[in-house]
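Colleague: Each chain, letter by letter, is given below.
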Amino acid sequence: MRVLFKTDYNQDIKFAKHGGYVFWYALLLVAVFLAPVALDTYWVNELTRVLIYALAGLGLMVVTGFTGQVSLGHAAFMAIGAYTHAFLLTQGVPFVFSLPIAALTSGIVGLMIAIPASRMTGLYLTIASLAFAIVVEDLIIHWESVTGGNRGMAVDPPALFGYEIYAAWEYYYIVLVLLIISIALVLNILRSPLGRAMLAIRDSEISAQSLGIRLARTKVLAFFLSAIITGLAGGLFAHFIQFLSPETFGILLSIQLLLMIVVGGLGTVHGAIFGAFLIGLLEASISILKDWLPPAIGTQPGLEPGLFGLILVLFIIFEPEGVYGRWVKLRTFLESFPFYRRNTFKRQRSYLKTERMR
Amino acid sequence: MSFFEIENLSLSFGGVKAVDDASFSMDEGEVFTIVGPNGAGKSTIFNMISSFYAPSHGAIRFKGADITAARADEIARIGIARTFQNIELFEHSTVLQNLLIGREIHNRVPVLRQLIFDPGMRRAELAHRRKVEDVIDFLELAHYRDERIANLPYGVRKKIELGRALCVEPELLLLDEPASGLNPEETEDMGFWIDDIKNDLGISVLMIEHDMSLVNEVSDRVIALNNGRVIASGSAQEVQNHPDVVAAYLGGAA
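For the protein sequence lines, the chains are W and E, in the order given.
The first sequence begins at 1 in the working numbering and counts up by one.
The second sequence begins at 1001 in the working numbering and counts up by one.
Just so you know, these hints were derived from the structure itself, not from any lab.
Please note: incorrect hints may appear among the correct ones.
The calculated lysine-lysine pairs, modelled on PhoX-like cross-linking and capped at a C-alpha distance of 25 Å, are [what the hints assert, rightly or not]:
(1) W:K14 x E:K1198
(2) E:K1198 x E:K1131
(3) E:K1063 x E:K1198
(4) W:K290 x W:K14
(5) E:K1131 x W:K6
(6) W:K329 x W:K17
(7) W:K329 x W:K6
(8) E:K1131 x W:K17
(9) W:K17 x W:K6
Chain W regions said to be covered by chain E (calculated; three or more residues, Cβ under 8 Å) [what the hints assert, rightly or not]:
(10) 106 to 119
(11) 193 to 206
The beta-carbon is built from N, C-alpha and C at its ideal position, and this holds for glycine as well.
The shape of chain W in the complex, shown without the other chains (with noise of 0.2 Å):
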């Protein structure tokens, strides 16, 4: 077992904790950086699809697991972002500004339902947040001119500095790149303030507010960058599936997006990443097991959201902290193998939390 000396206050700031996380991190950077050479074409779209997954759970990851705001409506800001890109490619701006206006737009949304939502808390905020995704997708429908309405919409292929992209492994690395900035800035705000702030409001909203926390303002910032971050991963998205339907951004997929982080691992970084690779091999096993199923289940239409349910819950009853709090004792046990105690992670609440205040 690693004990830590600490010496220094940047040793509790800084990404890398000890020589372990810089040799597996690093390992695991080279393995991405060449999985392309590795792959396929099948399989390398594959993993862009599994990384933008994992960039639009990483934005949900910031209201809902960190900030504590549970929001079934995030497949909006991928719409958003998705369709501002697209049309914007239509009206003849460049790819690099054309992705991070559609972000901005989406973060602009985003701040304008957080300013009514952050008085709204729980259960109604979710609900809140679902009416906001079914207009969303009406207004796609209706906005013919510029969305295509029910028909749809072509989108062109990236074209960075009049250099177009047409093979999976060129936008692999787009994305790839992208994502990991994205986790860097997230890392970032995770030690600054605004990410303790998030996190304390999580937690306790009465004593984040006795502590000087503003409440309205940091929900609306989290709001703000999480849909920053999912619309970045929407106009992603866009070129991913090259035609662009308002039933893509259904309701389905906002589900899809809790459930990843869910069972990727709320509240962690690790989890938006581990929850996506798991959703994206669920979805490609599905339609392997549609083949082999007899076609009376195999065709079923419900088969796909039915299964998503059904992990979910087995999930929450079975391991609330996710793949990554799986991984967290596993890692534990090898570590202090054979001292392991079965009761290590075991949630003791040694005194009665009464009279509390709402």
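Let chain W serve as the given structure and place chain E on it in line with the hints.
Modeller: The following block gives chain E in isolation, referenced to the frame of chain W:
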């Protein structure tokens, strides 16, 4: 002008008068204690000072300024920090992170720079950590620095909550039953710390407490509250022996 005062403060919940025309004032550098039976309205007064409840009548003044209408998040900036009767820590964070949240009001770095985490931001962070480390030394919490709150026993949590309030660097500290749930030894320690907070850190303390040994040990002045009214004030001894206070606790013709 007194350092801190409440004047004719009243609050009713429906037909229940939780606080009824209560007034008191405390001086700078004092440990001022409110005692009284359960339901006397002590915590309600604290919650009005913290602006969680708005009084239906009366005023709260701090250093001459009326803070009755201040928002809950402004109270800390004004210079008043508090602890809670039932411990409101951030359970999924470590002790260090909890204490750092106490530095919130001293943060001057704009969000964009927090995102980029430039060298200036890092310097600010280091300065906060140094301050927090002082509090960790003061309360002897070094042992628990990186533990998650969820894994810590009750007595330690009480100490951490006190520490978090100290990280705010307030002028006035509100302690809501600092000794509840502590064993006699821990209570004695708490007494020493309150003394140190007053004498070494120069922070005035307004405290609600039931444990009379602690009240006697640290209080400069005491008031007793019953049914939302102030029924006695003076030194700890005077209040304890006041016939109305005895009647309030034990019953009888008051």
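Colleague: Now tell me if each hint is right for this structure.
Modeller: Hints versus structure:
Annotation: proposed proximity of K14 (chain W) to K1198 (chain E) is violated, straight-line Cα distance about 36 Å (limit 25 Å). For a cut-off of 25 Å, the pair hint linking K1198 (chain E) to K1131 (chain E) stands: about 18 Å separates their Cα positions. Among the hinted pairs, K1063 (chain E) with K1198 (chain E) is consistent with the structure: their alpha-carbon atoms are about 18 Å apart, no more than 25 Å. With a C-alpha separation of about 46 Å, the suggested pair K290 (chain W) and K14 (chain W) falls outside the 25 Å cut-off, and the hint is violated.
Distance restraint check for K1131 (chain E) and K6 (chain W): the Cα-Cα separation of roughly 17 Å lies within the 25 Å cut-off, and the hinted pair is therefore satisfied. For a cut-off of 25 Å, the pair hint linking K329 (chain W) to K17 (chain W) stands: about 19 Å separates their Cα positions. Between K329 (chain W) and K6 (chain W), the direct Cα distance comes to roughly 24 Å. Compliance with the 25 Å bound is thereby established for this hinted pair. Using a Cα cut-off of 25 Å, the hinted pair K1131 (chain E) and K17 (chain W) holds, with the two alpha carbons roughly 22 Å apart.
As the CA atoms of K17 (chain W) and K6 (chain W) are separated by approximately 10 Å, the hinted pair is consistent with the 25 Å bound. Counting residues of the stretch 106 to 119 of chain W whose beta carbon lies closer than 8 Å to any beta carbon of chain E gives 0, which falls below the threshold of three, so the coverage claim is violated. Counting residues of the stretch 193 to 206 of chain W whose CB lies closer than 8 Å to any CB of chain E gives 11, which reaches the minimum of 3, so the coverage claim holds.
The structure does not agree with the numbered hints 1, 4 and 10 stated previously, though it agrees with the rest.
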